[in-house]
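Colleague: Between the sequences and the hints, there should be enough to build the whole structure, so can you do that?
For the sequence shown, the working numbering gives the first residue as 1020, with consecutive numbering after it.
Keep in mind that the hints were calculated from the coordinates and are not lab data. Heads up, some of the hints might be wrong.
[What the hints assert, rightly or not] Derived CB-CB ranges, DEER-like: (1) Y1113 x S1146: 36 to 42 Å; (2) S1116 x S1146: 18 to 24 Å; (3) M1061 x T1139: 24 to 30 Å.
[To be verified] Computed list of lysine-lysine pairs in DSSO-like fashion (alpha-carbon distance at most 27 Å, straight line): (4) K1143 x K1070; (5) K1074 x K1141; (6) K1085 x K1145; (7) K1145 x K1120; (8) K1069 x K1120; (9) K1141 x K1085; (10) K1141 x K1070; (11) K1143 x K1085; (12) K1144 x K1085.
Bear in mind that the values here come from a model prediction, so they are computed numbers and not experimental data. Glycine included, each C-beta is placed from N, C-alpha and C at the ideal position.
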Amino acid sequence: MEKINKRQKEKVKSKSSSIKDKFKTRIKNKGHSMENSRYLSMGEYIALAKKTVNKFAPQFNNGLNKEILNNDDAISDIASAIMYADWRFDPDRYGSSGMKKTLYSYRNQCAIWAINTYITNKYKKKSKDHMS
1020 MEKINKRQKE KVKSKSSSIK DKFKTRIKNK GHSMENSRYL SMGEYIALAK
1070 KTVNKFAPQF NNGLNKEILN NDDAISDIAS AIMYADWRFD PDRYGSSGMK
1120 KTLYSYRNQC AIWAINTYIT NKYKKKSKDH MS
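Modeller: This is how it looks when you write it as C-alpha cells:
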C-alpha cells in the first residue's frame, strides 16, 4: 500500500512541476516576465494609483478624484490596472503610428482606462437602479 501511495505522490509532484514549467514557458513566450525585481510593492502601487487619480480624474469630472480616493475598491482596481500594465508592458512594441510607449505612459494609460471603467460602472449602476 505504501509503495502505491509513494508512486502516486511522485506522479502528482512531477505533474504539478511540469504544469508550472508549461505556464512559465507560455508566459515567457508571450513576452511577459515573472521576475519580481521589476514589480513594486502593493503599497507603492496604491500610492501610484492615488497619484494618477489626483492627476487625471479631475479632467473627467470635478470632485471625481475625491470620490475615488474615498472608495477603497476603486483605488484597488486602479492599482491592479497599473500592476497589469507592468506585467504586460513590452518595450519593443511599436504602435500604429510607429512610436514606442514608455512604461510611465503605459501605466498612465492603463490607469485612465481604469478610471473610465469606474465611471462607466457607476452610471450603469445608476441606470439599473432607476429601472427597478
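Colleague: It remains to establish, for every hint, whether it holds in the given structure.
Modeller: Hints, verified against the model:
1. As the Cβ distance of Y1113 to S1146 is approximately 39 Å, the hint placing it in 36 to 42 Å holds.
2. Checking the proposed 18 to 24 Å range against S1116 and S1146 shows it is violated: the Cβ atoms sit about 36 Å from each other.
3. Between M1061 and T1139 the CB atoms are about 26 Å apart, so this pair conforms to the stated range of 24 to 30 Å.
4. Between K1143 and K1070 the alpha-carbon distance is near 26 Å, which keeps this suggested pair within the 27 Å criterion.
5. Simply put, K1074 and K1141 have alpha-carbon atoms about 20 Å apart, close enough for the 27 Å limit, and the pair holds.
6. The suggested pairing of K1085 with K1145 holds, with an alpha-carbon distance near 19 Å, which does not exceed 27 Å.
7. Between the alpha carbons of K1145 and K1120 the distance comes to roughly 36 Å, so the proposed pair goes past 27 Å and is violated.
8. With a CA separation close to 22 Å, the supplied pair K1069 and K1120 stays within the 27 Å bound.
9. A distance of roughly 15 Å separates the Cα atoms of K1141 and K1085; the hinted pair therefore holds under the 27 Å criterion.
10. At roughly 21 Å between alpha-carbon atoms, K1141 and K1070 fall within 27 Å of each other, so this suggested pair holds.
11. For the proposed pair K1143 and K1085, the alpha carbon gap of about 20 Å is at most 27 Å, so the pair holds.
12. Taking the CA atoms of K1144 and K1085, the gap is about 19 Å. The hint holds against a cut of 27 Å.
The structure is inconsistent with the numbered hints 2, 7, although it conforms to all the rest.
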